[in-house]
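K.L.:
These are the residues of each chain, in order.
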Amino acid sequence: MIRTATRRWVAAVAALALGLSLAAAAPASAAVKMTTLNYGIAYDPAAKGYDPMKTNGQRGFWEALYDGLFIDSANGKVKPSLVTSFSSSADNLKFSMAIRRGVKFSDGSSLTPEVVKMNLDRRNDTTLTAYGAFRKGGSYEIASVDVVNGNVVITWAKPQTDPTGAFTNETALIVSALGLGSPQILASAPYGSGPYNLQRAGTIKGNQYTLVKNRKHWNARAYAFTKIVYRTILNSQALANAVVSGQVDYALVDDNKTVAFLKARRAGLSSTGGKISMLLFWDKLGKNVPAFKDVRVRQAIGLAINRAAYVNALHKGDEPTANMVAKGFPGYLPSLDKTWGYNPSKARQLLADAGYANGFTFSVTTSADAVPDYAFLAKQLSAVGITMQPKVAASTDEIFAAVMTDGLGLLPGVTMTDPFGFIIGVLVNGFANMQKAQSPEIAGALGQYFAAQTAGAKKAALENLNTAVVTQAWAIPLLEGRTYVTFNAKRIKPVVFEQGVSQPRLATIKPL
Amino acid sequence: MAAGRSLPAAIRLIQRGTMLRYIGRRLLIAIGTVFTSSIISFLLVHATKGSPGAVALGMGALPSDIGKFNQSVGWNDPWVTQYLRWLGHLLHGSLGESIIDSRPILDDLLARLPVTASMAFSATILSAVVGVLLGVAAAVRGGFVDRAISVVSGVSFSLPAFWVGIVLVYFLAIVHPLLPATGYVSPMDGGIGGWARSLTLPVLALAIVGAAGVARTARASMLDAIQAEHIRTLRAMGTPEWRIRYVHALRFASVPVVAVLGMQFVLLFSGSVVAEQLFALPGLGQASAAAASSHDFPVVQAIVLIATTVVVVTNLVIDLAIGMLDPKVRVA
Chain S
1 MIRTATRRWV
11 AAVAALALGL
21 SLAAAAPASA
31 AVKMTTLNYG
41 IAYDPAAKGY
51 DPMKTNGQRG
61 FWEALYDGLF
71 IDSANGKVKP
81 SLVTSFSSSA
91 DNLKFSMAIR
101 RGVKFSDGSS
111 LTPEVVKMNL
121 DRRNDTTLTA
131 YGAFRKGGSY
141 EIASVDVVNG
151 NVVITWAKPQ
161 TDPTGAFTNE
171 TALIVSALGL
181 GSPQILASAP
191 YGSGPYNLQR
201 AGTIKGNQYT
211 LVKNRKHWNA
221 RAYAFTKIVY
231 RTILNSQALA
241 NAVVSGQVDY
251 ALVDDNKTVA
261 FLKARRAGLS
271 STGGKISMLL
281 FWDKLGKNVP
291 AFKDVRVRQA
301 IGLAINRAAY
311 VNALHKGDEP
321 TANMVAKGFP
331 GYLPSLDKTW
341 GYNPSKARQL
351 LADAGYANGF
361 TFSVTTSADA
371 VPDYAFLAKQ
381 LSAVGITMQP
391 KVAASTDEIF
401 AAVMTDGLGL
411 LPGVTMTDPF
421 GFIIGVLVNG
431 FANMQKAQSP
441 EIAGALGQYF
451 AAQTAGAKKA
461 ALENLNTAVV
471 TQAWAIPLLE
481 GRTYVTFNAK
491 RIKPVVFEQG
501 VSQPRLATIK
511 PL
Chain F
513 MAAGRSLPAA
523 IRLIQRGTML
533 RYIGRRLLIA
543 IGTVFTSSII
553 SFLLVHATKG
563 SPGAVALGMG
573 ALPSDIGKFN
583 QSVGWNDPWV
593 TQYLRWLGHL
603 LHGSLGESII
613 DSRPILDDLL
623 ARLPVTASMA
633 FSATILSAVV
643 GVLLGVAAAV
653 RGGFVDRAIS
663 VVSGVSFSLP
673 AFWVGIVLVY
683 FLAIVHPLLP
693 ATGYVSPMDG
703 GIGGWARSLT
713 LPVLALAIVG
723 AAGVARTARA
733 SMLDAIQAEH
743 IRTLRAMGTP
753 EWRIRYVHAL
763 RFASVPVVAV
773 LGMQFVLLFS
783 GSVVAEQLFA
793 LPGLGQASAA
803 AASSHDFPVV
813 QAIVLIATTV
823 VVVTNLVIDL
833 AIGMLDPKVR
843 VA
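Which chain is which? The protein sequence lines are S and F, in order. In terms of the working numbering, the first sequence has 257 at position 257, counting the first letter as 1, and numbering is strictly consecutive. Remember, the working numbering sits 512 above the position in the second sequence when you count from 1.
Simulated from the structure, these hints should not be mistaken for laboratory data. Positions of the beta carbon are idealized from the N, C-alpha and C atoms, including for glycine. None of the hints are false.
Calculated cross-link-like contacts (lysine-lysine; reagent style DSS-like; alpha-carbon spacing at most 30 Å): (1) S:K436 - S:K275; (2) F:K580 - S:K117; (3) S:K490 - S:K227; (4) S:K117 - S:K216; (5) S:K79 - S:K104; (6) S:K136 - F:K580.
Negatives, chain S to chain F, calculated, CB over 12 Å: (7) S85; (8) V103; (9) E141; (10) K213; (11) A224; (12) P320; (13) P344; (14) L411.
All chains, full assembly: derive it from the sequences and hints.
P.N.:
Printed below as a string of structure tokens:
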């Protein structure tokens, strides 16, 4: 009796397993002709409606629905898209753009220079976070926008040597005149001219957005899929699971902790670097922490940190570095990693030479988020006799005030594909040098860069600049953050992640 | 006794009358509960800091624009007026519009309701079947079977559903790709097979913990039932053992089990946020989390109303089921 019952159970389980296996095999046969891209995203792109200007860094979704004046390109640059040609005035105060003709929005209206002006004239609406750089005090503050002889002419508040740099990510995207009618209109539907249109059927807000190809798009042939289903999976591990188990074909990795899992499961991975996290010395004159006046002490702090262990403990997927410049970009020097990498005995020696053989104590102000980082770094410094005491700030103001009251601070994720702007704007003349400290080495390298006329000369100047900042220990680079995309390698061609691009463009995602 | 009627028929009539009165009483209480909860949720929403204008127009909006928006949606009207207006819309089948993107709330929630409901129903039914089978087997067989089931159900009961979900995903979707790790397929899009596949892992994750609770309750009540006086009487009268166990004792033991299942369904329905996030299911839990984080007042209010209605209806069904199983309850 028991045996019969057992046999029945075994047979039932076997039948269930067979059924599940057959059912699981079904999608594989459907993969022969791949027309739908299941695109995983770890955020709800339309949480605030369909106005792309209300978001930042969500181009992966918006570029399907909206065309941009420019699109992101390699090395952090942009190239024209809705703009066909552009020029700047001799004084770099005016920027003129010719707009592509024949472009239609999803509501049937046409793109005109006047519509572009209407878009840019929304810049003072503070709810539009993407337009922050265009507002008063922004890095690309616009004084006025006019339509002159059929071209859009932007007048900058101050000269802009690289005006196209203003049009990265969402800021370049253009909404139709009807969509701009009122916030409520754009809240309920997208009004763009992009290569895809939103399909109501198959769209569940906050979970899934189904887009179908706009066959009348001026560049429709560049886009491989007839349908894209954006699946919102807020949990980063669930997103990785969805890629591995085949529900998602492509996704931007939200948390680098899942990278090891994706590698182990043989999911396709592509990544780019470019963002350096570093310790910055606010106090180089020794006003708050006397020891920091001595360059040997600052150098010793850099040498005392085991960056590989730091990355392994807290920033899996990123790469340790002692360079101020991202790997592969002009100015990057592998030798700096060797010279200024982890070397505790040299750190102790430098401290002894500077008169701090018994170490010293200082405190740092931190946000709650950065406590694990500071705790790890404090443990590393304690090995060479330095006591760093992190204290959690009670307010954001206190964190900002730390540049005046503390000795150093942690600055995460600074784009360092071209370090010149950061070094001159932040490190020398910005908030990282409120004490107006001076360094002949850094000033000399900056002068060399200004004088450089050729690409080779600029590269040499950037190498000197990189070396000067690291050697003078105005900053201690710790790691280079990496941004990953993952994909189903059985369905998607290897994705090209151009250096300096925040994420691969939709048109570069192709089926096998 | 009514003239011309046999005694059993009269008893049935009296019983039917008692049952009808019982149903009527429970229905009135249910309606009152939903009504009261709608007032409380309305008041809570209005007691919260902020306004629809501030939410819809964003942090940087001018106070004058926020004021105009609030005026346009009647936010400045007296609370009683606003509540009666909301109630009027509700009676006409409208839950209003989202202040974030102006979409009709009812349409959105009706699209999500089947996801949460099918997950909660399936998990409840599965945990009922498995739990009752295990609980009865433990009580009836005793010995090693009882100890084994008690240990396994004790361990399973202490496991968090999300952890069970992660383990199931790892083994059944990642290591052995038999089932999808995330997503929901409606029966219209993927057929019954696709729908069942998409729900299998979340339902299993919820049912494993649920079945353990049911098994423990079923075992305890079955043991009580087997030792009850009327069961001993039946045994003395020579009623077959299988009939005693699986008809009389099981019916007697089912009252607490049904109560536990009712509670479980309510918990699964109202607490589906974690499972829906883990498996990326477009259910009410996901909608409530999104609405709460974006301060979408009307959506929050609508979800509270739906959740309350589900709780009240479930309690009503459970009360009626228990009333049918145990006549003493009807009279009480």
